[in-house]
Amino acid sequence: MNDGAADPHGHEHPKHELSNYAKRIYAIRDLLCEKGILNEKDIQRQIAYQEARSPANGATLVARAWVDGAFKARLVADPKAACAEMGLDVASINEFVVLENSEKVRHMVVCTLCSCYPRPILGRPPDWYKSFNYRQRAVNDPRGVMREFGLDLADNVEVRVHDSTADIRYLVLPLRPKGTEKLSEKELAQLVTRDSLIGVMDPLSTLPNS
Amino acid sequence: MPRGHHDIGGLPGGGPIDQTEHVLSDWEILADAVNQALGEKGIKRTDEMRRAREEMDSEVYRSLTYYERWIASMETILIEKKILTRQEIDSKLAEFEKKWGEP
Amino acid sequence: MGRAVSPGGARFKPGDCVRVRNDDRPGHIRTPYYIRGKVGRVERVYGEFLNPESLAFGGDGLPVRALYLVAFNQGDVWGAAQGPKDKVLVDIYEHWLDAEK
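Protein chains in written order, with my numbering: chain A, 1 to 210; chain B, 1 to 103; chain C, 1 to 101.
Keep in mind that the hints were calculated from the coordinates and are not lab data.
Small disclaimer: the values here were computed from a predicted structure and weren't measured.
Note that the Cβ used here is the ideal one computed from N, Cα and C, for glycine as well.
Keep in mind that a hint or two might mislead.
Now the in silico label distances, taken between C-beta atoms and shown as ranges [unchecked claim]:
hint: 1; chain 1: A; residue 1: 206; chain 2: B; residue 2: 97; range: 49 to 57 Å
hint: 2; chain 1: B; residue 1: 85; chain 2: A; residue 2: 186; range: 52 to 60 Å
hint: 3; chain 1: B; residue 1: 94; chain 2: A; residue 2: 205; range: 27 to 35 Å
Reference listing, derived: stretches of chain C covered by chain B, where coverage requires no fewer than 3 residues with Cβ under 8 Å from a Cβ of chain B [as the list claims (entries may be wrong)]:
hint: 4; stretch: 12-26
hint: 5; stretch: 56-64
Simulated crosslink set (BS3-like; lysine-lysine; CA at most 30 Å straight-line) [to be verified]:
hint: 6; chain 1: C; residue 1: 13; chain 2: A; residue 2: 178
hint: 7; chain 1: A; residue 1: 41; chain 2: B; residue 2: 44
hint: 8; chain 1: B; residue 1: 98; chain 2: A; residue 2: 35
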C-alpha cells in the first residue's frame, strides 16, 4: 500500500489532520492503482507535466511578439503554430485564441461557470481566478476588478471580457509598455506578469527589483 | 429550472478579490494529477466532472474548497461508471486512517 | 475538438445579430444565466464541436454544434455600462441562438 512515499512535494500536513475529501484522494488513488486503471507512472507524468507549465511560457511568447512584428502576426493568426515555433508543447490544447490589447482595447478572461484556464501554456490558475468573487464580478464589474489589480482605464477604452464557456482557451497579449525600447527580449519577458496574461492588469513598466 | 449554484456570473454581492495564493498541499497536487491522468486515459471527461459538481448539494458546493470539489466529483463519476464503489473507498480510507493515527 | 464547419453547416456568420435563447431545461448547460435572452453580435465562427450537454452524461456529443463568439454591449446585458464601449463576449453553441433583426 502506497502511504505517500512517492507523493508530490507540496505543503505537507499530517494526514490524520486532513479534511474528509482530502483524505479520500489517497484511498481513490490506491484503489485505481490496485485495479490497474492507473499506475504511479501515469500520476508522476501528470505532476511533471503541470510543473513544466508556468506563466513564463506566456511571457516568452509575448516578449517575442513585442520585438518581432511578424511573429506577433503569426501568434495572433495561429497561436498553436507560434507556440510550436517557440518550442512550447501545446498538443493538449484544443483551441487557443490570443487577444491582442492596444491603447484603445483591453481584454480580460474569466470562466464564470467553473475555472477554465489555458493550463497547457500557463500551468495552474491562481486561487483568485477560481474564486466565487472573481467569477461573479468579472463580467459585470471588470473595471472594479482591474482597479483592485492597479489598473484604472479611461472611459473611452473598450474593455472586452471573455467568458470561457466552451473549449476555447484565451491568452491576453498585453500592450508593450512605453519606455521599454532599450530592454532585451529576456528583460521584456520579466515585465509580463501572469495577471497581465489574464488581463486584470497591464504588464509592468519597469523591471522588477530595479 | 432554478439557476445552478455554479452559474454565478453577474450575481450581486461579490466581494473584493483575495489575491493571496497558497502553496498546493500534497493532496491537492495528487487530486490534480489523478484527475488529469483519468482524463488522459479517456476514463472520464471534464464535462462529466463539471456536471457532477453542478449536481452537488448547493451548500456542500459552497463549503468545499476547489480541490475538495474535484475529489468529490471524481468520486461521484468513478462510482457512476462502476469503476469504484463507495464502500471500497470507505474501507480503504479506514485502513489508512488506522495507519495515520487518530486526529 | 473543433472541426471546420461543414459547407452550409453554420447558420450564422460574423456580423449577424443574434438573441440568446431562454430555454430553461435541466442538464449540463454552458450558456450562462446572465446572457440568456440577450441580444449580441457574432464576431467569430469557431467551428463545430461535440455537444457538452451530451458528453456530460456519457453521451457521444453528436451531432456536433457550431460554436460562435458573440459580443454583447455591457449596457444591453446589465442595463448599465462602466465604459460606453465595454463588452462581454461569450462562446455560445448554435442551438442556443436565434436570428435577431
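Against the structure, the hints come out as follows:
no. : hint                     : result
1   : A:206 / B:97: 49 to 57 Å : 53 Å, holds
2   : B:85 / A:186: 52 to 60 Å : 54 Å, holds
3   : B:94 / A:205: 27 to 35 Å : 57 Å, violated
4   : 12-26                    : holds (count 3)
5   : 56-64                    : holds (count 3)
6   : C:13 / A:178             : 37 Å, violated
7   : A:41 / B:44              : 19 Å, holds
8   : B:98 / A:35              : 22 Å, holds
This entry does not satisfy hints 3 and 6, going by the numbered hints stated previously.
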